[in-house]
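Line by line, the protein sequences are chains A and B. Its first residue numbered 1, the first sequence is counted upward by one per residue in our numbering. Its first residue numbered 1, the second sequence is counted upward by one per residue in our numbering.
Since the hints were derived computationally from the structure, they do not count as laboratory data. Certain hints may be false.
Okay, derived cross-link-like pairs now, DSSO-like style, lysine-lysine, Cα gap no bigger than 30 Å in a straight line [unchecked claim]:
1. B/Lys405 to A/Lys120
2. A/Lys122 to B/Lys112
3. B/Lys123 to A/Lys55
4. A/Lys278 to A/Lys322
5. A/Lys110 to B/Lys123
Taking beta-carbon pairs under 7 Å as the criterion, some of the chain B residues facing chain A (in silico) [as the list claims (entries may be wrong)]:
6. Val57
7. Pro61
8. Leu69
9. Thr76
10. Leu80
11. Met83
12. Gln86
13. Gln99
14. Ser393
15. Gln394
Footprint (simulated), chain B over chain A, 3 or more residues, beta carbon under 8 Å [said to hold, decoys possible]:
16. 18 to 32
17. 47 to 59
18. 84 to 90
Built from N, CA and C at the ideal position, the CB exists for glycine as well.
There are 2 protein chains.
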Amino acid sequence: MSLIVQKYGGTSVGNPERIRNVANRVAEWHKQGHQIVTVVSAMSGVTDGLIKLAKEVSSEPSEREMDVLLATGEQTTIALLAMALQAAGIPAVSLTGAQAGIVTDGVHTKAKISNISPGKVKKFLSEGNVVIVAGFQGQTQEGQITTLGRGGSDLTAIAIASAVKADLCQIFTDVDGVYTADPRIVPDARKIEEISYDEMLEMASSGSKVMQARSVEFAKKFNVIFEVRSSFNTNPGTLVKEENKSMEQVVVRGVSIEKNQAKVTISGVPDKPGIAAKLFNAIAEANINVDMIVQNVSNTAAGGGKGQTDITFTINKDDMAKVKKITSSMTELASAHGVDIQDGIAKLSVVGIGMRSHSGVAANLFTALSEKGINIQMISTSEIKIAVVIDESQAADAAKAAHAKFELHVA
Amino acid sequence: MSLIVQKYGGTSVGNPERIRNVANRVAEWHKQGHQIVTVVSAMSGVTDGLIKLAKEVSSEPSEREMDVLLATGEQTTIALLAMALQAAGIPAVSLTGAQAGIVTDGVHTKAKISNISPGKVKKFLSEGNVVIVAGFQGQTQEGQITTLGRGGSDLTAIAIASAVKADLCQIFTDVDGVYTADPRIVPDARKIEEISYDEMLEMASSGSKVMQARSVEFAKKFNVIFEVRSSFNTNPGTLVKEENKSMEQVVVRGVSIEKNQAKVTISGVPDKPGIAAKLFNAIAEANINVDMIVQNVSNTAAGGGKGQTDITFTINKDDMAKVKKITSSMTELASAHGVDIQDGIAKLSVVGIGMRSHSGVAANLFTALSEKGINIQMISTSEIKIAVVIDESQAADAAKAAHAKFELHVA
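Work the whole structure out from these sequences, hints included.
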């Protein structure tokens, strides 16, 4: 008998029929003698519907009230799933994030979990219930409703798994697991059986949309082993865990593509201390994620002999307008030659902890791309990842080329 | 400056445009310098939609989970109204029933308020906010979500008005106030300016669907003066308060009609102690409201010389199946001659505290009905009410006749 935390996303609980299906799946696990905590998201479409309602009453709804509003989405699902389980003869109890003891900081719409008091979860489990917990939400110490932001339900599942010392945490989703590449782009992509937290992190932050990086980070920090698997079949998925010897023998674990990126180039920035800090602070305060940052000595020789540099960084395409506003309002950038914000780019990453002890990965990647005539606009590397920015129109070709070069189709 | 609790029902907040309208109305009161607590219901249709979802996952959804599910309805409205008020420049904070300190017993789907801790409401008020509270819901001492049953939002408003010692509680609804009769049935019905709690109670329990009796009872118990008025115009409504001398001068305050009734007749019941008690206990346990009860000595002379009686009582038509199940499973009734359950009846009541000191009201009512050829099937009286059961098809004619007889069209 194991204690298992399962998480089902919005698509898996997208309508009453699917909720009944999830109930039947959970019931199977329960009948096998396992103790089950089920974390669920809002039914797909519900959150968008609520956001639409909010926009109809206010052009700029406050984040506190947005949290009160959005939290109803998961609360609806937990009640329905509990009912469906009971109808299947399984004792079940639903708990909101607050009731489940998920305490967060007060940063509305993207709160961080500060503490979990799983007393109620444990009590209801010990009474033989399946315990159904609303993902994505919590409350502050003062009793304000908060939400955890994107990927929040995964985070809830992993945090609860940690708090109740679960044997396993299963993230059920609409994909079969983590693949060596997106199978829709690279047809011979393979499902990965085991992946280390660090690899998963790099895959996540590189656009393999299976999970948000913060959930993986949380799992790594608290050493929660979790499995990513499909809610539509019973295939085993991908196990995410601490790295071990056998994992290190694989040089490249996977290739990922991130589209919808934009590149911001600020050329001829006066080379004075503090300007970059001020720029990126302003960007961080606006909650804009910056990914790759490259700084070079400027090619231009203007500027009265003073040193100048070019700074280039990538952002999500959706944040282009915000970044434009920030850069044009910074007087320190007034003397820069220009701010160029350009979309139509993609990021390609190859990831693998085996890279650490193998050289030549970068060279192989660059060769693969050049063989296909794909120009590299930016390069960034970490210990276990090489990422390049390329033209968005060449993203699929680049992924295929890299996947083939590193022979990822072979187990 | 007054402290006012306002309640807006589901129709008043039925869509984003109406929510903005309510926000503008609340904003007006706030700008006049009043402190405002606004209690809101779920947007009309939302609760029914949730119930439909529940039925799609379970034929018999548990009441605990039903409460978790339904509570999302009001939570959605409070967030939207807070946003709309903020958009109108008014500081506003939403609170769920639990957050507002509404503590109830654990009887899910029809919980009773046991206690209110209005600390948060007061705190947010003192900071200059309009405080928006989710009607219809609370939580138990143990933190389980509960709902208060039909009319629960009115009850929330009156209970909060009592707890914060409000100067006035305004129940905004889709009618202009309490009328001497339903204006759709009796065209010359008049709006009543002031009505006593007891009269309002009798009107409420007699089907004037303005408010549920329990809310009026609560207001009476804690002496909360409240006003029933329209959320679609600015006309003053009807003030409900303790009776005073001038009220007593009116013999009949109003006439009300209750349709969708059924009459249960059990004939030839063995006249032994305890049978009626057992029957009505079983009915009460099934949460079926019984209204009029009449018991006569039986006409039939059968039964071996033992005394027999007929018992007749009225119920809501919706409860007919439940009552049938109860009466047919009671072995004590096995020897009764028959159980006859019949719908197609209506109840007509005339109400007025002035009746206490005036005789002849019953005679006048019976005369009015007989003049129209309307047969009376049952009669029941209280100190301030006379109620009769008649054929449902004659309900409108009966109401008009009684309204005219007591000259209620004249102020």
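What are the numbers of the hints that this structure violates, sorted from low to high? Hints 1, 14 and 15 not satisfied by this model.
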